[in-house]
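Residue numbers (the working numbering), protein chains in the order written: chain A, 1 to 384; chain B, 1 to 384.
Note that these hints are calculated values from the structure, not bench results.
Errors might be hidden in some of the hints.
[Stated by the list, open to error] Heads up, incomplete: computed chain B residues facing chain A, CB under 7 Å, no partners named:
| no. | residue |
| --- | --- |
| 1 | Leu307 |
| 2 | Asp328 |
| 3 | Val331 |
| 4 | Asp333 |
| 5 | Ala337 |
| 6 | Leu339 |
| 7 | Ile352 |
[What the hints assert, rightly or not] Selected chain B positions facing chain A (Cβ under 10 Å, derived; list incomplete):
| no. | residue |
| --- | --- |
| 8 | Ala168 |
| 9 | Arg171 |
| 10 | Tyr235 |
| 11 | Gly297 |
| 12 | Thr301 |
| 13 | Arg305 |
| 14 | Ser309 |
| 15 | Arg327 |
| 16 | Ile330 |
| 17 | Ser346 |
All of these numbers come straight from a predicted model, not from anything done at the bench.
All C-beta atoms, glycine included, are put in the ideal place defined by N, C-alpha and C.
There are 2 protein chains.
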Amino acid sequence: MYAVVLAGGGGTRLWPLSTPECPKPFLRLIGDETLIQRTVARLAPLVAPADVYVVTDRRYLDLARSQLPAIPPANFLGEPMGRNTAAAVALAAEAIARPADEVMLVLPADAHIADEAGLRTALAVAGEVAAGGSLVTMGVTPDRPETGYGYVLARRPARVVGGRETFAVDRFVEKPTVERARELIASGLASWNAGIFVWTRATVRDRLARHAPEIVGPIRAICSSGGDEDLDLAYPSLRATSIDYAVMEPASLEGAVAVVPMDVGWSDLGSWSALRDAWQAAASRDEAALAPKVASGAVGTGNRRDLGSSESLVLAGDRLVVTIGLRDIIVVDAPEALLVCSAEHSQEVRGIAEEMARSTAAAPAPMPAQPLASPPGPTRETRP
Amino acid sequence: MYAVVLAGGGGTRLWPLSTPECPKPFLRLIGDETLIQRTVARLAPLVAPADVYVVTDRRYLDLARSQLPAIPPANFLGEPMGRNTAAAVALAAEAIARPADEVMLVLPADAHIADEAGLRTALAVAGEVAAGGSLVTMGVTPDRPETGYGYVLARRPARVVGGRETFAVDRFVEKPTVERARELIASGLASWNAGIFVWTRATVRDRLARHAPEIVGPIRAICSSGGDEDLDLAYPSLRATSIDYAVMEPASLEGAVAVVPMDVGWSDLGSWSALRDAWQAAASRDEAALAPKVASGAVGTGNRRDLGSSESLVLAGDRLVVTIGLRDIIVVDAPEALLVCSAEHSQEVRGIAEEMARSTAAAPAPMPAQPLASPPGPTRETRP
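Produce the complete structure using the sequences and hints provided.
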């Protein structure tokens, strides 16, 4: 089994810590490691670092390599730009030279998982299912009628693999209303789609060719004959869509998708309020490694002092942050800006972050321009 | 009429902006001027800058002079240390050479007054009362049963001066319970004691000699014969007490104190929540000069952006502060530290500030030591 970690950047909802210069996967948001470091670490011993590959925007290649020194430098694939997960998966499937029948695990670089052993057990089961030719998605057991996620609906009967129930996927439901989400959960057949996929390399290449030829076609042609310059030319015109839309949904209509449910304390850390929840859960489990400085009711990191707050998250740096009597408040003291936000409004951060990015883009670029051609890189070296 | 502004420092409840290096009177907390600058400015034309004196801790003399260039440098009196208002008033009464029958106005450097013309009118009336030999205290019309202030109780009948009711003082009540405060206000005879006093120089010297000889005695002796070194020796053993306790209360028992009520939008800015209230009142009066950047429900200064907050105060500097969905929250982004505090808990800031001061005091002193003897200074030049 080998793993492809997708570190696409973005993460505007975690502004001002997450910025175009250092996006979410590369941040230390919970615990002592960055999200991508923990994503790789929690795969061992199921997948060793030498068998982990990282797909990221070319401008983050140096950052990714520096954070993951145990992964061979050639295992990092740089995209000329982000074109969503369908293109990233297609690039990984075509460019990484692994046997056709080997199981390929695809997962985002920026999720949090409390029960890491539970994740590995579920992935091992998914690997067995995938070896039979299915596209497998890992289904997270829902604990609330969340309207921001996609849901995977299983079809009975279950197929027991490794002592565990797995299911064929009936269909995907994207971002339901809260009433519909309640119905789905009540059916007992719904999971959240966490963007963690398991399949053999041959299966995903075949499915990409059938359902998304306009995406995988140019990439396959470049990987067999072209150079990085061709990737630069081809990428801008690739359709930017998710692997869910491009492949999983059409494949599910043909009965080719399976789901392995898992209840492992997953969070996408998709907002400051989600991060607060993950910190609080870690604190309530008394996980000293993750939440070392729980003071009264405020969780967080850095140089901070609290009197009587509750349900609050404080991310401080070296400068002292004093919080008094807060309830349900997020405080993020980042170099670029300070954010103080009520947890229930944390989705609104995204609009501010996009506004900041636009005003930065309008000003003269603060970063040196990227060379159009990348240095001799992983896509060439790992080409089949 | 001449004025003595007491700039004693302190202001720990406004930490982290107010610090031992730059305490409250010298801060720009509301409007474009520092509190002491506005305190002096609002006296004109009743008292011109040449007739204003400032008493402050010697280490703030340079700061005070630099903020008040219109006041003659010799009008600044440095105390070797803070010994509360009785000592400061005694020093001013003895050291500042003004005619015995001239009216002397004493006022704190760090209060906010919305209706400045109203203040001057009331002070002019108080001056007439004081010319008759009374110690006059300005009484602030209470608008809530505040338990943190001292109350002045008037005795009827009123004496009308300049078309305005003035009263003999029956007694002082310090920090009543909320029930008692309600009773006092319901009587129609109670005012808040704002620490603004009006008397002739002769009257206050006489009263100091009768009620606080152990305080004014050493100061009088030094002013008539000694030098600054003697002040250094005498000050540490002076009783640190307020002019209210030392003189006003005993004098009121002899019927020697009068009160001039005034309703002028006074605030002692004694906490972040009080400052928030003053900002909101200024904003609701649409006073563009005081509250130039009222955005949605958050008031404040500096580089800031708000979405949907209410009843909140944000004091930012150059770095961007983004607030979202806050209610009743104070945010102070100061160089030393960041404070985020619920308004109702803003009194608890004091404990944090004192803790910080102790830990700073325990560490090697960050400031150069003050010379024991002051440079040729105002106490010598203005000595009678």
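For each hint, the structure was consulted:
| no. | hint | in the structure |
| --- | --- | --- |
| 1 | Leu307 | holds (6 Å) |
| 2 | Asp328 | violated (10 Å) |
| 3 | Val331 | holds (5 Å) |
| 4 | Asp333 | holds (6 Å) |
| 5 | Ala337 | holds (4 Å) |
| 6 | Leu339 | holds (5 Å) |
| 7 | Ile352 | holds (6 Å) |
| 8 | Ala168 | violated (43 Å) |
| 9 | Arg171 | violated (36 Å) |
| 10 | Tyr235 | violated (33 Å) |
| 11 | Gly297 | violated (12 Å) |
| 12 | Thr301 | violated (14 Å) |
| 13 | Arg305 | holds (7 Å) |
| 14 | Ser309 | holds (8 Å) |
| 15 | Arg327 | holds (7 Å) |
| 16 | Ile330 | holds (9 Å) |
| 17 | Ser346 | holds (8 Å) |
The structure is inconsistent with the numbered hints 2, 8, 9, 10, 11 and 12, although it conforms to all the rest.
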